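**Q** Listed below, chain by chain, are the residues.
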Amino acid sequence: MTNPGPAPDLTPGVPTPSTTGATTDPTPDARRHGALGALADRKKKRIDALAEAGTISSEEGVSLWQSAWRRLRRDPVFLIGAVIVLLFVLVAILAPWLAPHDPRARDLIGQVTPATPIPEPQPGYPLGGDNAGRDMLSRLIVGSRQTLIVGVLATLGGLAGGLVLGTLAGGISGWVDTIVMRIVDVMLSIPSLLMAFSIAALFARPSQWTVILAIAIIQIPIFARLLRGSMMAQRHSDHVLAARALGVRRPAIVFRHMLPNSLGPVIVQGTLVLAVSIIDAAALSFLGLGNPDDSIPEWGQMLGKAQTFFNTYPHIAVYPALCIIVVALGFTLMGESLREALDPKSRR
Amino acid sequence: MLRFIVRRLLQALIALFVLSVLLFAWLRSLPGGVVSALLGERGTPESAAKLRAQLGLDDPIPVQYWRFLERAVQGDFGVSNGVYRGQPALDVFTQRFPATIELSFFAILIALTFAIPLGYFAARRRGGVLDTGSVVFSLVGVAVPVFFLAYVLKYLFAVRWGLLPPSGRQTVGINATHITNFYVLDALMTREWDAAWDALKHLVLPALALSSIPFAVVFRITRAAVIDVMDEDYVRTARAKGLTARTIRGRHIMRNALIPVVTIVGLQIGALLAGAVLTEKVFAFQGIGQALAIGFELRDYPVLQVLIMMAALIYIVVNLLVDIAYAVIDPRVRL
Numbered sequence: 001m002t003n004p005g006p007a008p009d010l011t012p013g014v015p016t017p018s019t020t021g022a023t024t025d026p027t028p029d030a031r032r033h034g035a036l037g038a039l040a041d042r043k044k045k046r047i048d049a050l051a052e053a054g055t056i057s058s059e060e061g062v063s064l065w066q067s068a069w070r071r072l073r074r075d076p077v078f079l080i081g082a083v084i085v086l087l088f089v090l091v092a093i094l095a096p097w098l099a100p101h102d103p104r105a106r107d108l109i110g111q112v113t114p115a116t117p118i119p120e121p122q123p124g125y126p127l128g129g130d131n132a133g134r135d136m137l138s139r140l141i142v143g144s145r146q147t148l149i150v151g152v153l154a155t156l157g158g159l160a161g162g163l164v165l166g167t168l169a170g171g172i173s174g175w176v177d178t179i180v181m182r183i184v185d186v187m188l189s190i191p192s193l194l195m196a197f198s199i200a201a202l203f204a205r206p207s208q209w210t211v212i213l214a215i216a217i218i219q220i221p222i223f224a225r226l227l228r229g230s231m232m233a234q235r236h237s238d239h240v241l242a243a244r245a246l247g248v249r250r251p252a253i254v255f256r257h258m259l260p261n262s263l264g265p266v267i268v269q270g271t272l273v274l275a276v277s278i279i280d281a282a283a284l285s286f287l288g289l290g291n292p293d294d295s296i297p298e299w300g301q302m303l304g305k306a307q308t309f310f311n312t313y314p315h316i317a318v319y320p321a322l323c324i325i326v327v328a329l330g331f332t333l334m335g336e337s338l339r340e341a342l343d344p345k346s347r348r
Numbered sequence: 001m002l003r004f005i006v007r008r009l010l011q012a013l014i015a016l017f018v019l020s021v022l023l024f025a026w027l028r029s030l031p032g033g034v035v036s037a038l039l040g041e042r043g044t045p046e047s048a049a050k051l052r053a054q055l056g057l058d059d060p061i062p063v064q065y066w067r068f069l070e071r072a073v074q075g076d077f078g079v080s081n082g083v084y085r086g087q088p089a090l091d092v093f094t095q096r097f098p099a100t101i102e103l104s105f106f107a108i109l110i111a112l113t114f115a116i117p118l119g120y121f122a123a124r125r126r127g128g129v130l131d132t133g134s135v136v137f138s139l140v141g142v143a144v145p146v147f148f149l150a151y152v153l154k155y156l157f158a159v160r161w162g163l164l165p166p167s168g169r170q171t172v173g174i175n176a177t178h179i180t181n182f183y184v185l186d187a188l189m190t191r192e193w194d195a196a197w198d199a200l201k202h203l204v205l206p207a208l209a210l211s212s213i214p215f216a217v218v219f220r221i222t223r224a225a226v227i228d229v230m231d232e233d234y235v236r237t238a239r240a241k242g243l244t245a246r247t248i249r250g251r252h253i254m255r256n257a258l259i260p261v262v263t264i265v266g267l268q269i270g271a272l273l274a275g276a277v278l279t280e281k282v283f284a285f286q287g288i289g290q291a292l293a294i295g296f297e298l299r300d301y302p303v304l305q306v307l308i309m310m311a312a313l314i315y316i317v318v319n320l321l322v323d324i325a326y327a328v329i330d331p332r333v334r335l
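Chains as they are written, first to last, in full-length UniProt numbering: chain A, 1 to 348; chain B, 1 to 335.
Mixed in with the good hints there might be a few duds.
To be verified - Partner residues aside, some chain A positions facing chain B, computed with beta carbon under 10 Å: (1) I118; (2) F197; (3) A306.
What the hints assert, rightly or not - Residues of chain A clear of chain B, computed beta-carbon distances all greater than 10 Å: (4) W65; (5) L79; (6) D102; (7) A105; (8) N131; (9) A201; (10) L259; (11) L263; (12) I267; (13) A283; (14) N311.
Hint data in this document are derived by calculation from the structure and do not stem from the laboratory. None of these values were measured; they are calculated from a predicted model. Even for Gly, the Cβ is constructed at its ideal location relative to N, Cα and C.
Extracted from the complex, chain A is given alone in its bound form (with noise of 0.2 Å):
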């Protein structure tokens, strides 16, 4: 991960190409102007790259995020993945009067035989029922809003603990950097996933809860490195030597100088891990390690509980998928486009 501090990597005459990037756009001006218009685009672009060295920090200059929004605005791929986004946390927010049916409510279990275990599509239950006769629709609606808070405290979780990690391995740096490191390396050492599993694994009764913090606890490594990476990039920076020539305390540089300039990699790395924390979830599900109580559903849950049934009727298992992909793709694409536009590198 790149660091978007205030000092721009400053590579002069050639054009930096972003190297992560989904769909940058090569350069508008110099398929307009020919080859004369690349060279002179190309010279204006070493001068605006100086330009912005020099103004990036000052008041008058543009900041980091607006220079960041400008270009996300006209981003189509950002702009699928924050509506995909948008639209799933409104669901989930209005979900209790988006459902038509009460998703614990076993309307159709008179359809439910041993022939026939899911309810047919009918009038007032457009995708049928599950095998507990309980509508779908209803479910897969309501079943946002968990999904939701799965993954965001997931996220947060990760991230607070990597916050602990990171500052006290970046900020202090000396032994504990080294101590705190070599945990940390120790543990992305494991497969992450299977460490997930390792530790839903301890509890003797899984819920919602212990699946959140088998997910939290590996994402904890990958914050921690990110913000160790990132402060140690601006340690010898001039903000931070000045600070230190005014006095400022420890604390507070970490804290009100070091610690703001780390935001862009964690926002983009926390929308990444979002949607790894709702399929990580599933995954769990799926081994038995997730939440058995299934009155409040969560999609990751209904989709590892459609397994027996994915031979015969794939369809309740197509469902819950369908809303984890979608989801997943919407905060990865907005994660992926957000790291676009912040690095300095991919900047025109």
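Given chain A, work out where chain B should sit, using these hints.
**A** Then chain B, alone, in the frame of chain A:
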């Protein structure tokens, strides 16, 4: 070079040590402790106390840890109580490991054969239809839960169209000799062509599902690396010298672009192992992944302990080897 290898070996050893402590802590904090985990529901207070004394659970923690290490080094991890009831837990690993290697090997093979050329062509025609299409495809690929993809493949190709076998490693009752437990290799060595074909057919669907994990990553890394390398001065020089497109591609672009791909493949081994748990469960493929899935379900802790430790061990060793290989290819790393 030697210093680099020694330093890297030391790091791996430290990682192993911390790992053993973590595993020990994990075992100690299992629900109800080791005793109830081993006895299951049959335990009475008397038998529990007897087992506690037997296992030395009343000794100081460091002594217990030392004993745990001793037994682990000797390969004594206790007796399976779920996957292979009554057999030593280590046997579960040794019997099933070849299956998972076979599966992961084909998964990586599929991923590399498609992802590297696709990454190259996407980078060459950046912003084109192929590029945009494959970038979107790789993003969607990340968003699809592996086990769901496995079920979809199984439903379409095995259940619906009946083209490929839905589960297992080989058709039950087929006349096949097993020497190494790598079924395809075994059948090739004994020239049982139909058995080899049969084992291969059983591998296609699980390997395809599992390959979705490394595919997306390898594709994106290759694409990014090729884009970076194409802007380098040496590529321009090569072009200016009038070298053929083929030489430039093979000797100058790909040779340099593939360096990060090597590291990423090493890092993907961990994700593959976790993915194997899910894929092997869907296809009832008798590898260590399925054993882990059953172990989690039946709470077969002795087996889980072996498999988790071995998985982490493999991951550490593979990454050690990858790092050394990396240092051989790219001298800058040694610094």
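**Q** All hints are to be evaluated individually against the structure, with a verdict given for each.
**A** Results of checking the hints against the structure:
1. I118: Result: violated, 15 Å to nearest chain B Cβ.
2. F197: holds, 6 Å
3. A306: holds, 9 Å
4. W65: W65 of chain A is indeed farther than 10 Å from all Cβ atoms of chain B, at 24 Å.
5. L79: holds, 15 Å
6. D102: Holds: least Cβ distance 27 Å, greater than 10 Å.
7. A105: Nearest chain B Cβ is 27 Å from A105 of chain A, so the label holds.
8. N131: holds, 16 Å
9. A201: violated, 5 Å
10. L259: Non-interface label stands for L259 of chain A: nearest chain B Cβ at 28 Å, farther than 10 Å.
11. L263: holds, 24 Å
12. I267: holds, 19 Å
13. A283: Violated, since 6 Å does not exceed 10 Å.
14. N311: violated, 5 Å
Of the hints listed earlier, those the structure fails to meet are numbers 1, 9, 13, 14, in rising order.
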